[in-house]
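Chemist: The task is simple: from the sequences and hints, build the whole structure.
Heads up: the protein sequence lines correspond to chains R and L, in order.
Taken in order, the first sequence gives residues 27 to 268; the numbers are from this note's numbering.
Taken in order, the second sequence gives residues 77 to 325; the numbers are from this note's numbering.
Calculated from the structure, these hints are not laboratory results.
We treat Cβ as the ideally placed atom computed from N, Cα and C, and that holds for glycine.
Take these hints with a grain of salt, some might be off.
Ranges of calculated distance between the beta carbons of each label pair, as one might list FRET restraints [what the hints assert, rightly or not]:
| no. | chain 1 | residue 1 | chain 2 | residue 2 | range |
| --- | --- | --- | --- | --- | --- |
| 1 | R | R259 | L | A321 | 42 to 48 Å |
| 2 | R | R259 | L | E234 | 36 to 42 Å |
| 3 | L | R98 | R | P88 | 25 to 31 Å |
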Amino acid sequence: MVARSPGWPAFKAYFFDWGYYKESFPEILDAFWVNVKLFCIAEVIILPAALLLAVLRSLPGPVFFPIRALAIVYADLFRGIPTILVIFMLGFGMPALGLDWIPDSQFFWAVVALVLVYTAYVSEVYRAGIESVHPSQAAAARSLGLTHSQSLRHVVLPQAVRRVIPPLLNDFIGLQKDTALVGALGVVEAFRQSQIDQAATFNGTYYLVAATLFVAITIPLARFTDWLVARDRRRQQAGRLA
Amino acid sequence: MTAEALRVEDVRKAFGKLEVLRGIDLVLAEHEVVCLIGASGSGKSTLLRCVNLLEPIDAGRIVVGGQEITTRGVDVNRVRRGIGIVFQSFNLFPHMTVRENVTLAPRKARSLSRREADEVATRLLDRFGLADKRDEYPDRLSGGQQQRVAIVRALAMEPRLLLLDEITSALDPELVAEVLDVIRELAAGGMTMLIATHEMGFARDVAHRVCFLDAGRILEEGRPEQLFEAPREERTKQFLQRIVAAGRL
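Modeler: If you want it as structure tokens, here you go:
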């Protein structure tokens with residue numbers, strides 16, 4: 027169907043030029059390391075920060091109302107604003123303030139933007155996990171004399187985190203792809219590099235190179251997630267049979 | 077009878093508009109075993125949860141070992157360390173082995189070293205025939221074994237008072253005996269226990285005193301032979317007749 031369409035030869039020449047592909051691959055791969063650095067640094071901050079945020083939202087009693095409220099406002103805000111806007115506002119806005127003590131590296135602000143957005147998302151994932159642990163587990167822990175934080179630390183969180191590993195990995199894949207948005211700041215990552223190359227030759231094969239690189243890391247991660255889910259299911263079934 | 081282990085005075089508790097406890101008075105002497113019987117919804121479980129401070133009470137007071145636990149400023153964690161509770165649904169921690177389930181609270185809340193806590197656990201698991209299950213996860217155990225582990229977990233805190241909340245109701249009939257045997261042994265050893273149960277034969281056997289709860293009040297209490305054979309209250313008679321008809325007595 028697609029191959030018989032009238033524009034196919036032109037499309038093919040534009041996106042599937044093997045010569046350009048081979049020639050540009052090393053250069054775009056180089057730029058792709060910027061994406062890898064972005065999502066690795068960001069993820070290392072996001073995972074604990076989001077867990078902290080989720081725990082803050084679960085604090086009981088009226089004393090912690092202000093903290094809970096702040097956590098909710100933060101999560102609502104950064105889940106609501108499109109990622110690209112956060113990246114723009116921080117990446118162009120913060121250095122423009124011209125303050126000495128504010129870093130003017132756009133890579134830095136890109137990481138900050140991704141961390142802010144994804145921490146909001148990931149904290150919701152953790153929160154769902156915390157809420158999925160039956161209250162009787164916390165009751166059992168508290169009845170033994172453990173404090174709220176001991177019960178959270180030793181009983182609730184270990185079970186909650188185990189349950190949300192698949193959705194956490196899913197958000198990690200989302201983060202990996204969203205590093206391409208950082209190119210809009212002028213940071214030369216894989217997508218930006220392929221745009222530069224495209225502008226030089228008016229050939230689109232470079233986009234395909236960038237796409238290949240992203241897919242090359244997200245597919246193994248997706249399969250790993252599937253494997254984890256399947257393993258969990260097998261374990262639970264084994265438990266039920268025993 | 078010796079010193080007083082538990083005193084419950086005019087305790088009231090409502091969930092929204094539903095009054096579950098409507099003025100409960102109850103005293104347990106040390107080493108005494110008291111069974112709470114009554115229909116579902118009569119307030120047995122809620123009373124136990126209130127004594128463990130898992131539910132705040134609306135009115136009245138609860139005194140454990142001479143210390144009032146329902147005043148402001150009481151360290152609830154400290155109070156709970158002295159009061160064990162075992163639940164109908166076991167509530168073992170599924171991500172921990174039997175030994176970890178038993179040693180967690182002694183290590184964290186009694187500040188025992190890992191070795192000391194392990195010794196306590198080993199001794200108790202041996203005593204209740206669970207020595208070979210130390211390193212199993214709860215979902216590899218039968219219901220009866222899980223409930224025995226839950227009892228051991230509560231005992232590892234060396235409580236002065238043990239609350240048992242229908243601990244055999246979730247078990248297959250053939251597994252009930254092994255759990256009740258544990259309780260009989262504890263009773264023989266002098267453990268003070270407040271037991272909510274539907275096992276009338278067991279209550280008659282093990283209890284020093286039986287209380288019949290009806291609509292949030294203790295309607296009648298007495299020695300088991302008196303209460304089961306010559307109940308005074310009409311509602312107690314009706315309840316026991318239903319139990320007999322169901323073949324549970």
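Chemist: State, for the Cβ atoms of R98(L) and P88(R), whether the hinted interval 25 to 31 Å holds or is violated.
Modeler: Holds, since R98(L) and P88(R) (Cβ atoms, about 28 Å apart) stay within the stated range.
Chemist: Using the Cβ atoms, figure out if R259(R) sits within 42 to 48 Å of A321(L).
Modeler: 44 Å, holds
Chemist: Can the suggested window of 36 to 42 Å be confirmed for the beta-carbon pair R259(R) and E234(L)?
Modeler: 40 Å, holds
When held up to the earlier numbered hints, the structure conflicts with none and fits them all.
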